[in-house]
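**Q** Protein sequence lines correspond, in order, to chains U and L.
My numbering numbers the first residue of the first sequence as 1 and each following residue consecutively.
My numbering numbers the first residue of the second sequence as 1 and each following residue consecutively.
A couple of the hints might just be wrong.
Partial list, derived from the structure: chain U residues whose beta carbon lies under 7 Å from chain L [said to hold, decoys possible]:
#1 8
#2 10
#3 43
#4 52
#5 56
#6 85
#7 90
#8 95
#9 99
#10 105
#11 106
#12 108
Note that these hints are calculated values from the structure, not bench results.
Keep in mind that this is a model prediction, so the values were computed, not measured.
A virtual CB, placed ideally from N, CA and C, is assigned to each residue, including glycine.
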Amino acid sequence: KAGVTQTPRYLIKTRGQQVTLSCSPISGHRSVSWYQQTPGQGLQFLFEYFSETQRNKGNFPGRFSGRQFSNSRSEMNVSTLELGDSALYLCASSPVTGMDGELFFGEGSRLTVL
Amino acid sequence: EDQVTQSPEALRLQEGESSSLNCSYTVSGLRGLFWYRQDPGKGPEFLFTLYSAGEEKEKERLKATLTKKESFLHITAPKPEDSATYLCAVHIVTQGGSEKLVFGKGTKLTVNP
């Protein structure tokens with residue numbers, strides 16, 4: 001069974017640009033959640049989607065947004081990039097909604113903002 | 001504010017030297033506590049879920065325990081392949097009904113042969 005796939009794995013952007021990251025969950029998983037990981041703050045929850053609806057949201061500014069498609073694939077978008085957005089962005093999928101269960105993480109998309 | 005603190009930040013052990021990692025939390029609306037393992041360049045990998053004080057779970061050389069304010073991950077006779085960063089996360093439901101996972105910053109474990 002294929003795992004969670006995130007693309008691109010690495011990308012470099014400049015301040016003010018925007019970026020879109022993609023996540024393909026494990027087949028049959030309908031929940032996709034996104035996390036930002038930095039050395040200073042650790043792993044922080046961004047948002048969770050289930051059946052194309054945002055179910056839960058962390059404490060991030062509106063520049064961070066996401067969506068989920070009917071095939072459960074998800075994208076997250078960060079607009080007006082800032083230097084502090086440099087991080088590893090991790091996507092996780094689960095067969096159930098919410099956080100009450102095992103999450104299956106992808107290997108992440110490493111974003112560098114110059 | 002909901003907080004999860006892991007200690008120590010880093011731990012070096014000799015192969016076979018047992019020890020424990022700590023995860024303490026100050027949260028309201030706790031639903032469950034998770035332990036994950038993360039290897040360099042990889043996403044976290046699920047280890048355990050604990051739901052109530054007194055609960056214990058075991059997997060190979062690892063045992064996780066939970067009290068009302070903290071969790072311990074005990075590592076018995078570790079091997080070099082146990083070297084990784086161990087992350088603790090708490091599942092919270094807010095008064096408004098929304099859910100989130102709050103992670104600690106992790107303990108980086110190195111096991112020397």
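**Q** List, from low to high, the hint numbers that the structure doesn't satisfy.
**A** When the structure is compared with the hints, numbers 1, 2, 4, 6 and 8 turn out to be violated.
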